[in-house]
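> Let's have the full structure, built from the sequences with the hints guiding it.
Protein chains in written order, with this note's numbering: chain V, 1 to 257; chain S, 1 to 280.
No wet-lab data here; the hints were simulated from the structure.
Mixed in with the good hints there might be a few duds.
Stated by the list, open to error - Here are some, though not all, of the chain S residues that point toward chain V, as calculated from beta-carbon distances under 7 Å:
#1 Lys45
#2 Leu69
#3 Leu70
#4 Lys71
#5 Met93
#6 Met101
#7 Phe103
Computed from a predicted model, the values in this text were never measured in an experiment.
Where is the CB? At the ideal position from N, CA and C, for every residue including glycine.
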Amino acid sequence: MLNAISEWAKAAVLEVQEYVRLCAAAFRGATSRPFYYRDMVEQFEQIGVGSLTVVLLTGLFTGAVLALQSGITLDQFGARPFVGRLVSASMIKELGPVLTALMLTGRVGSGIAAELGSMMVAEQINALRALGTDPIRKLVVPRILAGTIMCPILTVVADFVGILGGWVIATFQLRVESSVYWTSVLEGLYPQDPWMGLIKPFFLGFAIVSIGCHVGLRTRGGTQGVGRATTNAVVAASVAVLAVDFFITRLLFTLMY
Amino acid sequence: MPVEQPLQRQEILDAEGAPIVVFDKVSLAFDDKVILREVSFTLIKGHTKVILGASGAGKSTILKLILGLLKADDGVVWVNGERVDQMNELELMRVRGDLGMVFQEGALFDSLTVRENVGYKLWEELRWPIERVDKRVEEILGFIALSEHIDKMPSELSGGQRRRVAIARAMAAKPRVLLYDEPTTGLDPITSTTVDEEIVKLRDLEGVSSIVVTHQLRDAFFIATHEAVRNDGKVDIITADEEKSEQAEFIMLRDGRICFEGPAGELKRSSDPYLKTFLS
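Structure representation (structure tokens):
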């Protein structure tokens, strides 16, 4: 039993060590030549533009259901016109960043782990190294940069369509005046809130993609290993999104409010 | 009397009979499993080493140590006059510039066409102009008779064609050493012979030193006992004379140690029971 715990602890420490090494190597790769510009553009397109549909749909329906649910609750206090406050505060501070990140985890984190994992088991990563290419610079850096920069942009899109979804429900179902809704949307926010909603996705995007890359590059054991790596990447990145969100929120509250 | 200048590394490497790859008492273990025990050998410029052994004997590990994809626990590895066992990844990139590797299943990049796979190193790493890359790619694909497949994806090729494209990719930048990891495993005898002939042609016509890891004896002996010659602009593969055959040395690995090192004739005549079992 003790032996099993010690083995598990050793494996966990090794994973953390390798993850930190990968992040350090990616940092070096992002700040020194050579750069693979074509791969960067490709990844920005794949991670950013490719995730737009899923983020739009998630944001729209989340905002709509938020307005629907909160409208009923607010009615109990005769506060239906304040529905915009609730939608904007929830979307911009919490739901926008976290739901966008979770959607990216499902779409991007799993994809990266599967792609790099397949390249590992097919020896394509070794082939890259044999051809004089550093896989970290060629594969990891473009993905991390794209994930870190596109996550906040996608979050802004999700926030906007979420508030729009809330407006549709508030106006057409809850019969709240359009001008009242939009005034309420702005009144519901502290000046620091948009900053919080913008800062968090940088960390969440980094966590999702770096975990995907780490798990992918440590894939062993053929096609079964690729399947395992994909699952592990999604599970680890989803938990990381929620944990990082909590700690960054806590930190930002201390620093900004 | 003039003072004699010491020879530079490049001059030594350019000389006839220069040692291109040297293993000096190299050992490697993964946890408790010993893979290589004090393995030593030398590959001479323009010669061939054929590494034989049972599955898991450490044959492919030797190639990975040469490329610096793995680090030895003990001993010294020299490649092109540079000690690779102590190099970091950045320094290894320079050494790998003069090495080509053909991986077991080809390891072609799925998302790139044959043209892009073969020209990968030239445009991505060496930053050649695209016209020059295209010219070189067409030249190599012509050499290995795959010109008509230039714009196909790897998934559209047969196993043998994929293996030959992998050879083309490895030789694109004209490396001095080519490493082949089981180049004919899983191929039918006719396709295997085609791949063997490419290896012989590269060695004899392009002057590439080769290390071939295999457990296919038929292919190993074919490579060792044949040579490529130009005949009126045409390339012929003929049976090699004794002197040429002796330039291809066999290494047999057993339990992480070299249990035989010598030319094809000596291997065939060996009375060692293990070798006899392996050859039967």
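> For this structure, which hints from the list above don't hold up?
1, 3, 4
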